[in-house]
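Undergrad: Letter by letter, the chains look like this.
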Amino acid sequence: MSEVIESHAGHDDHEHHGPAKGLARWLFTTNHKDIGTLYLWFSFTMFLIGGMMALVIRTELFEPGLQFVVPEFFNQMTTNHGLIMVFGAVMPAFVGLANWLVPMMVGAPDMALPRLNNLSFWILPFAFGIMLSTLFMEGGGPNFGWTFYAPLSTTYAPPSVTYFIFAVHMMGASSIMGSINIIATILNMRAPGMTLMKMPLFVWTWLITAYLLLAVMPVLAGAVTMMLFDIHFGTSFFNAAGGGDPVMFQHIFWFFGHPEVYIMILPAFGIVSQIIPTFARKSLFGYDSMVYAVASIAFLSFIVWAHHMFTVGMPLAGQLFFMYATMLIAIPTGVKVFNWVSTMWRGSMSFETPMLFAIAFVVLFTIGGFSGLMLAITPADYQYHDTYFVVAHFHYVLVPGAIFSIIAATYYWIPKWCGRMYDERLGKLHFWLSFIGVNVTFFPQHFSGLAGMPRRIPDYALQFADFNMLSSIGAFIFGFSQVFFLYIVIKTIRSGKPATDRVWEGAHGLEWTIPSPAPYHTFTHPPKFTDAEAHS
Amino acid sequence: MNKHCTGIRRLRNAAGVMSMLASGFVVADELNMRVGVTDISRQVYDLHMLILWVCVVIGAIVFGAMFWSIIHHRRSAGYQAAHFHENTKLEIAWTIVPTLILIAMCVPATKVLVAMYDTGGEDMSIEVRGYQWKWQYKYLDEDFDKTFSYFSTLATPIEERHNLSAKGEHYLLEVDEPLRIPINKKVRFLVTSQDVIHAWWVPDFGIKRDAVPGMLNELWAIVPTPGIYRGQCTELCGKDHGFMPVVVEAMPQEDFDAWYAGKLAAEQERQKLESMVFTHEELMTQGEVVYTKFCVSCHQPNGQGVPPVFPALAGSPVATGPRDDHIRKVLNGVPGTSMQSFANQLSKVELAAVVHFERHSWSNKAEDVTQPVDVANAAASK
Numbered sequence: 001m002s003e004v005i006e007s008h009a010g011h012d013d014h015e016h017h018g019p020a021k022g023l024a025r026w027l028f029t030t031n032h033k034d035i036g037t038l039y040l041w042f043s044f045t046m047f048l049i050g051g052m053m054a055l056v057i058r059t060e061l062f063e064p065g066l067q068f069v070v071p072e073f074f075n076q077m078t079t080n081h082g083l084i085m086v087f088g089a090v091m092p093a094f095v096g097l098a099n100w101l102v103p104m105m106v107g108a109p110d111m112a113l114p115r116l117n118n119l120s121f122w123i124l125p126f127a128f129g130i131m132l133s134t135l136f137m138e139g140g141g142p143n144f145g146w147t148f149y150a151p152l153s154t155t156y157a158p159p160s161v162t163y164f165i166f167a168v169h170m171m172g173a174s175s176i177m178g179s180i181n182i183i184a185t186i187l188n189m190r191a192p193g194m195t196l197m198k199m200p201l202f203v204w205t206w207l208i209t210a211y212l213l214l215a216v217m218p219v220l221a222g223a224v225t226m227m228l229f230d231i232h233f234g235t236s237f238f239n240a241a242g243g244g245d246p247v248m249f250q251h252i253f254w255f256f257g258h259p260e261v262y263i264m265i266l267p268a269f270g271i272v273s274q275i276i277p278t279f280a281r282k283s284l285f286g287y288d289s290m291v292y293a294v295a296s297i298a299f300l301s302f303i304v305w306a307h308h309m310f311t312v313g314m315p316l317a318g319q320l321f322f323m324y325a326t327m328l329i330a331i332p333t334g335v336k337v338f339n340w341v342s343t344m345w346r347g348s349m350s351f352e353t354p355m356l357f358a359i360a361f362v363v364l365f366t367i368g369g370f371s372g373l374m375l376a377i378t379p380a381d382y383q384y385h386d387t388y389f390v391v392a393h394f395h396y397v398l399v400p401g402a403i404f405s406i407i408a409a410t411y412y413w414i415p416k417w418c419g420r421m422y423d424e425r426l427g428k429l430h431f432w433l434s435f436i437g438v439n440v441t442f443f444p445q446h447f448s449g450l451a452g453m454p455r456r457i458p459d460y461a462l463q464f465a466d467f468n469m470l471s472s473i474g475a476f477i478f479g480f481s482q483v484f485f486l487y488i489v490i491k492t493i494r495s496g497k498p499a500t501d502r503v504w505e506g507a508h509g510l511e512w513t514i515p516s517p518a519p520y521h522t523f524t525h526p527p528k529f530t531d532a533e534a535h536s
Numbered sequence: 001m002n003k004h005c006t007g008i009r010r011l012r013n014a015a016g017v018m019s020m021l022a023s024g025f026v027v028a029d030e031l032n033m034r035v036g037v038t039d040i041s042r043q044v045y046d047l048h049m050l051i052l053w054v055c056v057v058i059g060a061i062v063f064g065a066m067f068w069s070i071i072h073h074r075r076s077a078g079y080q081a082a083h084f085h086e087n088t089k090l091e092i093a094w095t096i097v098p099t100l101i102l103i104a105m106c107v108p109a110t111k112v113l114v115a116m117y118d119t120g121g122e123d124m125s126i127e128v129r130g131y132q133w134k135w136q137y138k139y140l141d142e143d144f145d146k147t148f149s150y151f152s153t154l155a156t157p158i159e160e161r162h163n164l165s166a167k168g169e170h171y172l173l174e175v176d177e178p179l180r181i182p183i184n185k186k187v188r189f190l191v192t193s194q195d196v197i198h199a200w201w202v203p204d205f206g207i208k209r210d211a212v213p214g215m216l217n218e219l220w221a222i223v224p225t226p227g228i229y230r231g232q233c234t235e236l237c238g239k240d241h242g243f244m245p246v247v248v249e250a251m252p253q254e255d256f257d258a259w260y261a262g263k264l265a266a267e268q269e270r271q272k273l274e275s276m277v278f279t280h281e282e283l284m285t286q287g288e289v290v291y292t293k294f295c296v297s298c299h300q301p302n303g304q305g306v307p308p309v310f311p312a313l314a315g316s317p318v319a320t321g322p323r324d325d326h327i328r329k330v331l332n333g334v335p336g337t338s339m340q341s342f343a344n345q346l347s348k349v350e351l352a353a354v355v356h357f358e359r360h361s362w363s364n365k366a367e368d369v370t371q372p373v374d375v376a377n378a379a380a381s382k
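Quick mapping for you: the protein sequence lines, in order, are chains V and Z.
Position 200, counted from 1, in the first sequence is what the working numbering calls 200; the numbers after and before it change by one each time, with no gaps.
Position 381, counted from 1, in the second sequence is what the working numbering calls 381; the numbers after and before it change by one each time, with no gaps.
One or more hints might be untrue.
Unchecked claim - Residues from chain V that keep clear of chain Z, each with C-beta distances beyond 12 Å, as calculated:
no. : residue
1   : Gly65
2   : Pro109
3   : Pro114
4   : Leu116
5   : Phe126
6   : Thr155
7   : Ala191
8   : Arg281
9   : Phe302
10  : Met314
11  : Arg346
12  : Val362
13  : Met421
14  : Lys428
15  : Phe435
16  : Thr530
Stated by the list, open to error - Short, incomplete list of chain Z residues facing chain V, as computed with Cβ under 7 Å:
no. : residue
17  : Asn32
18  : Ala65
19  : Tyr79
20  : Thr99
21  : Asn163
22  : Leu164
23  : Ser165
24  : Leu172
25  : Arg328
26  : Leu331
Hints were generated in silico from the structure; no laboratory data involved.
Cβ coordinates follow ideal geometry from the N, Cα and C atoms, glycine included.
Using the sequences provided together with the hints, build the complete structure.
TA: As structure tokens, this is what we get:
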């Protein structure tokens, strides 16, 4: 087989092809690097739009009373902020990183299904175009929370809910196609010598994430289809008056929703497991147990969904099962954290921007994990449920968790993508602004939640005023530091200093064996995967 | 058991001191979960403190090791990297030890949860029904002859919400009529909803349950101390989700009995009123009261509504068309929209008054007068 490829390569000028010119390059591209770039810019755009919505929320909550927006619009902001950040920012960013990195890490020339790859991306701008357009429709856009519990999202929803359902279907189709592509690439296109247990952890976490996506996106599609039928065709899946059950909606939603939150964190685990060994100049501690921990977390994610529903009124046995199962997640998650710390232990560490974000990830994600463990204790959850304590919890795992890992990945691999180094001084400044901003925003929310402030309210009682003001100040610091991030990225692309091929002294893996910037086509001949590049 | 409790109490005191130190001037209550007043709420608080301290100790160890390493094992200090990348004994230990800690946590958590689910042996039952955006409290009686219900709606004036006047002490946490319960009695709450999902929460009792349409959830509380306890709806239920507080007043038994007798007498009086005839002025006065409490959040003070979800009443075909159709709309609601059925929410006098008010307010100039008997006839002829 390799003989055929080598003899063919002599008169094959394919690898010298550059990209097409102009808009056509981006519309019709089947190149994994181009599509990765599209995904990353798209997700960053969505991140800024979702962020602006968050700032509308924080502006209204700066002081008690209704100052800037009406409650109807406030609810649309909380809903769309959640939907856009989950489906528009975090998920596409990880898919973009997978597009850029998975083929380069496994030594493949491209994704397994390049045309499908193009389609997966180009569905997204239309899906989000439709969803955002609902904000300008009569009656407004989705206003029922990103969890869209029936019957608020069916009988009592604004007319635009149909567009929302259609948009969710499109996002689901995009995710399913993307995950099929990633699975096919990883399972079929690895370089000779790269066995499953020698794959970089980012590839491992994405393989497992892709299976989670395949398993649960159809469940989401089922949920929204049943909503569509309840709204337009007179069925009563979720309508108690017709014999349906609003609680069943929540069971279906969270059967999707809990694996979904791990879809947003497993690739982050992978990224951090790539970065920490590089800057500790030491192999990842416990590679095998890392893989098994990710697999265990993925399995557990399917049997804990009802811990989002402790207050819904389940029988005692159900409550106990979901409490115990949820607490189990702490064990593999703990293993991962201990492994990261052990990787740093007795390493020779340096603290470039990607490492700073990765360390902050370990600390702050763990704090989010602790509050998650507290939320698992059912009797205590009755006091925490649907308060700002929950808001603090999931923002700790998503912002300094998922988002920090994406930012860390950008700093870490951008020299490989565009052949230029970012400005280390500006990167560190960006880190400290983000780190301070995120903690000032979300740490006080633990306190307002414990003091009794419900989430998703446009106005609040006076005893919550101090913490909300602090939180709003933090949100503006965090928000504007991400605009600063945009500036750093553009500056890097335009005028960064040339990067070396290896970029980082301690980096291992096939992506560092190719030139910087990575040529338009890489690994048209399968590389030899040696142990020197393994387990970076 | 006693030892364990003292330990927790010591922890609680330590937490109080720590939070005071951390905040300087902010009172400890604002930094931590409320201890509450019931036995259950105290047990929940103890669980919360226990798991919090478990997390703090684990966090101190893990982060301590990490920062020690960050300070000492850095390249700029000339530290050379070691080469180990696994240690089976260590890995088994940090799998087993957390498992044991979690099992130890499960025991008290299960005990408290089982106690919370012990809903039997109640002294009285109250149905709590969520509506967009108010609570209805119905005192249930086994013989059905001593039952009555009323609505509890936000009492904070709209001027305070729009910053036109100074905000009161209980801003957004005050209602026109709180739920009243006797102290030291096991009161069972049956929680349900008329429309979307709400959640009924009294932090000081340590109880919260979703109000789900078509489902009856059970909660209970024994409140030992008289007082006014405040909470809020905690499930997003639409536009005014932030404006439907839960207020419970726990009273000594004698006071409660007196209040209860008064409510029953008023209920009988209300039934008598339904056969009376009222003047235009009487209907307008009462109608405005009802409109302000039940209709204004959707249809707005000026009757213009918030189209298209909440249609206008001023100049609308319903409010200017045939009267019986108008009455039936209010009685039965409009299926598939936010317009609820008010047949069980309002008395016939109130229904007559509010329909009359809507037909004679803003630009609406109907010729007719709507009496309670007209409501009864319209209801019967549907």
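Undergrad: Which numbered conditions among the earlier hints are violated in the structure presented, ordered from lowest to highest?
TA: 1, 6, 8, 10, 11, 12, 22, 23, 25 and 26
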